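Heads up: the sequence shown begins at 1 in the numbering used here, then just goes up one per residue.
These aren't lab readings, by the way, just hints derived from the structure by calculation. Given the structure is predicted, the values throughout are model-derived calculations rather than measurements. Please note: incorrect hints may appear among the correct ones.
What the hints assert, rightly or not - The calculated lysine to aspartate or glutamate pairs, modelled on EDC-like cross-linking and capped at a C-alpha distance of 16 Å, are: (1) K637 - D750; (2) K132 - E111; (3) K637 - D723; (4) K637 - E660; (5) K123 - E111; (6) K132 - E62; (7) K637 - E656; (8) K132 - D104.
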Amino acid sequence: MPPRATARLQLQPGFTLDDAGGVVGYYAALGVSHLYLSPVFGARPGSTHGYDVTDYTRVRDELGGDAALATLARRARAAGLGLILDIVPNHMAADATHNAWWRDVLANGPESEFAGFFDINWKAHDPGLRGKVLVPILRHTYWESLTRGDVELVPAGPHGPAFLRYFEQEMPLAPGSLDARSAADPAWFDAAREGGRERLHALLERQHYRLAWWRTAATALNWRRFFEISDLVGLRQEHRPAFDATHALVFRLLREGHIDGVRVDHVDGLADPAAYCRRLRAELAVHAQRRPASMPLRHPWLVVEKILASGEALPQDWQVDGTTGYDFMDQVSAVLHDPAGAAPLDGLWRRIAGEREDYARVLATARRQILTRHLVAEYESARIGLHAWAASNPATRDLSGAALGAALSALLVAIPVYRCYFDGHLAGRDDEAASAEATMLRRAARRARAGLAPEESTALDFILGCLRAPYPSRANGSAVAQIRRQLQQLMPALAAKAGEDTAFYRYGRLLSRNEVGSLPATLATAPMHFHAEMAARHLAFPHAMLATATHDHKRGEDARMRLAVLSELSPEWTEAVTAWERACEPLLATLPQQPDPTDRLMLYQSLIGAWPMPPDALAHHGEPGIFLQRIGEWQRKAIREAKLHGNWTRPDLNYEAACEAFLRGLALDWPGSGVLVRIGQFARRLAPAGALNSLAQALIQLTAPGVPDRYQGCEGWDLSLVDPDNRRMPDFDRQTAQLHDAAGWAHWLDHWQDGRVKQQLIHHALAARRESEPLFSQGRYQPLTADGPLASQVLAFARTSGASRAVTIATRLSARLVDRALPRIPPGCWTHTALDMRAPHGSRWRDALTGQHLVATDGTLPMSEILMLLPVALLFRQS
């Protein structure tokens, strides 16, 4: 059986495997079946996330090591829980000090036994890098660093052979590159000594790496990195020794019964995701058969982090159980937004943003910027490869590098998905997946061609021919395969950096839709569309993960649900923003530089979405310091990610200071202003409807087809911002105490602001899922409809398996109906609205949440009865 439900835990030095053992009891009582752990491999010292892997062969010492993981697994097993592990096959830390494989490559170059592990171009276009690895770690230019004496030789000693030290980083020396005389006198290379700098340079020239200024990475790097992070080096999982070495620990943990499955990080970064997933599936199956007899596992769970565009399907032949749930997070969010809000919200954004009103335009601009400024090395490598291939054929040798570059850029900007699959599972095949990809590529080419000159259009045809050609023959296979691979691996980096890490911070119509896996241009979807998506999910990937919050989300699940209410109250929102902007005029006049109106609008939304529970938690007078500090950290990150006023490498400190002063000014009693007070009042107004959305979202997640994942701490209200804010440690003591509170639903609903009502909803729904596990893991999905004046406010579906039947009932678009003090539609508002239960007359039902019994006398149930006690319901048919 797949996991029933998972709970994601973020391990770090401040929350170790032993600490995770301390919350096993809480999560067992909550009702999940598995703890889903962030990476446990050896990582850089102090790493708070674990994705900067330095050693795949052992469990990280800072987390407690192998023994601590084994202890956690035993403790979890005793409580009825299993473990799921997040694995990182795409990249490692490019850190010679802590990564022995990388250090060996730098010491021995192409002859290293680990050279094939890393995605390095040993035949770089730059002659000075052929046979070498660029190491862009210097804080100053190369020559200046040598002149300053920042690079020094450390002689051989008890620690081992001689090496070069650059501040805290250690660089190995190639065997035989240091003669005995020089080794005996490290001062021989001292920059302060005559000729020392030149001798040090000569020594460095004899190495298999080239030290460089860190700013050269964007344009000169000759190895694949993770996105634009130049201290994370790409791995070649297509190289069998690399696959075996990076997965040996995972397979051992599976064999020993310590883990029951894996989540694969950034699968689209790999050369051939399909081949990798199939190999991983096969190996997991083999090692699962070797488990102890007391821990049988027929089908290890395997999900992949994959961002799907609207209408895009995960390939079935990958042999995985599904994605990590960003697609579901988007789907459930969209159905809880009001499509009627699109036009007025567009109007407000257009008024404020001017020429930046259209998301497609914002995204295209961001894509071009990322290509030309941030991923230059990757883009240029692909362009040069295309040019070399074209030049080798008399029929295409007239195509210039400039024309190919323009065509390539236009095509990459136009492609709407995270990645195409021109090799592997699509190569030369005539199936539905290949047809869908071909159609997408044709449309992208049509958009790209619209702005190209004739020669560039011809170059585009050449590129398309390269991508569309059947699987390459031996004659030209190497060149074509390399070009395809480069383009495919460039696509996800471009999509992520231009979309969620740039355009999401420039386009702010409604920030609840600026989420990983979502398209901000799509404000809302209809229930019919949502039901179709869930039915398709049941048929294709019934055991995929269902996420509503993650360690990578831009906003917490409940912050998004509160902001979703703005789609229903767009006139009031427009009026409020207009009033706040007018009230801020005196404050803005005092600033040497004014924050852009778009940044102010996104700040207002972030304040509202993250406003603490209860909504009056911040005093109207005085400095709400901790909250504003969190908002300030988000604001600084948002400015740098947007890349309109500086970025991470060249921050515009003056603009950031102006934005910080504006934020601080909101908390002061400016004449006629009190804007922060007004924002808090507006957040208080939205809070009940937002909480109602949250309860609906939670119940849908826990009962839809798939495996729900609860991110740490999100059993209560999750009003977090982007990382690192969303990685703060939860108060597990408080959560444990609240879980065991027996006050009852009436009390929990009356005191909804403390989050117990959400936590108890999750607890009761998970208990129902445990008691009817086959129904939720295998049961069919059936949409249900309501009839009556408020039918459009009802979202309901059934899970059916034989005679078993469970019905989920939630509400949507209820901002103008919700009780002003409680997150519910008052029962009296539901007059003449009833739900068709698709069951015989007289069928009996029991609410698994409240225990309430109901009878569908005529096959329907009045909504006023269903939601008499709670704003959501989970009804089971009684025999």
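Hints versus structure:
| no. | hint | verdict |
| --- | --- | --- |
| 1 | K637 - D750 | violated (37 Å) |
| 2 | K132 - E111 | holds (11 Å) |
| 3 | K637 - D723 | holds (9 Å) |
| 4 | K637 - E660 | holds (12 Å) |
| 5 | K123 - E111 | holds (14 Å) |
| 6 | K132 - E62 | violated (33 Å) |
| 7 | K637 - E656 | holds (10 Å) |
| 8 | K132 - D104 | holds (13 Å) |
Violated hints for the displayed structure, listed by number in ascending order: 1 and 6.
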